[in-house]
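Turn these sequences into a full structure, and let the hints guide you.
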Amino acid sequence: MKRGGCIFRKRGGWNFDTLGQIINVDELEDDQVDENDEPLITQEKGLVSTLDSGTIESIVLFAKGLGCELTDELLLESFLYYYEHDAFLPHPDFKPLSSEEYQRKNDRDFYDCLGSEREDIRCKNKVCQRGAIKGSAFCKKHHFEMIQKKPCLFSD
Numbered sequence: 001m002k003r004g005g006c007i008f009r010k011r012g013g014w015n016f017d018t019l020g021q022i023i024n025v026d027e028l029e030d031d032q033v034d035e036n037d038e039p040l041i042t043q044e045k046g047l048v049s050t051l052d053s054g055t056i057e058s059i060v061l062f063a064k065g066l067g068c069e070l071t072d073e074l075l076l077e078s079f080l081y082y083y084e085h086d087a088f089l090p091h092p093d094f095k096p097l098s099s100e101e102y103q104r105k106n107d108r109d110f111y112d113c114l115g116s117e118r119e120d121i122r123c124k125n126k127v128c129q130r131g132a133i134k135g136s137a138f139c140k141k142h143h144f145e146m147i148q149k150k151p152c153l154f155s156d
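Number 143 in our numbering belongs to position 143 of the sequence shown; there are no gaps in the numbering.
These aren't lab readings, by the way, just hints derived from the structure by calculation. Where a beta carbon is used, it is the ideal one built from N, C-alpha and C, also for glycine. There's no promise every hint is true.
[As the list claims (entries may be wrong)] Cross-link-like lysine to aspartate or glutamate pairs, in silico, EDC-like; alpha carbons within 16 Å at most:
| # | residue 1 | residue 2 |
| --- | --- | --- |
| 1 | 150 | 107 |
| 2 | 45 | 34 |
| 3 | 126 | 145 |
| 4 | 105 | 119 |
| 5 | 134 | 119 |
| 6 | 64 | 77 |
| 7 | 150 | 119 |
| 8 | 134 | 117 |
| 9 | 95 | 84 |
| 10 | 134 | 112 |
| 11 | 124 | 107 |
| 12 | 149 | 120 |
| 13 | 95 | 77 |
[Said to hold, decoys possible] Now the in silico label distances, taken between C-beta atoms and shown as ranges:
| # | residue 1 | residue 2 | range |
| --- | --- | --- | --- |
| 14 | 153 | 62 | 34 to 40 Å |
| 15 | 65 | 128 | 46 to 52 Å |
| 16 | 83 | 121 | 48 to 54 Å |
| 17 | 34 | 91 | 36 to 42 Å |
| 18 | 88 | 115 | 32 to 38 Å |
So this is what it looks like as structure tokens:
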């Protein structure tokens, strides 16, 4: 059975002193792995599975292509970013948006893509004085609320 090479590390956080072990699980016999194909030796040593060796190689190659000096710090940052976000580090010191910031950005992008409101056709919301957007009977704000099923935070 093909299992692939994996990187294992001691339990706890990551830093330059984190102990780990590369285990080629393809070379293990069936009695050396558990029902989830995890090497039994990792349980004995208190190791947890992280990423396969091919992914580690891809992280290093991507980090090399970032156009800056390839330092141990950059490699650790790239590895941690991939481990936490299942994506390659876009650039050094990149901080992803929080889930709230990400949702607000998506909401704003959707609101902006609705286009401009027409002056000659009013929004069907009885209390609204804004114009309807193309392809809808509502203004941007009320169309957003109808589609997204939540209040619209934008009014421009």
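Among all the numbered hints in the text so far, which are the ones the structure does not match?
-> 4, 7, 11, 12
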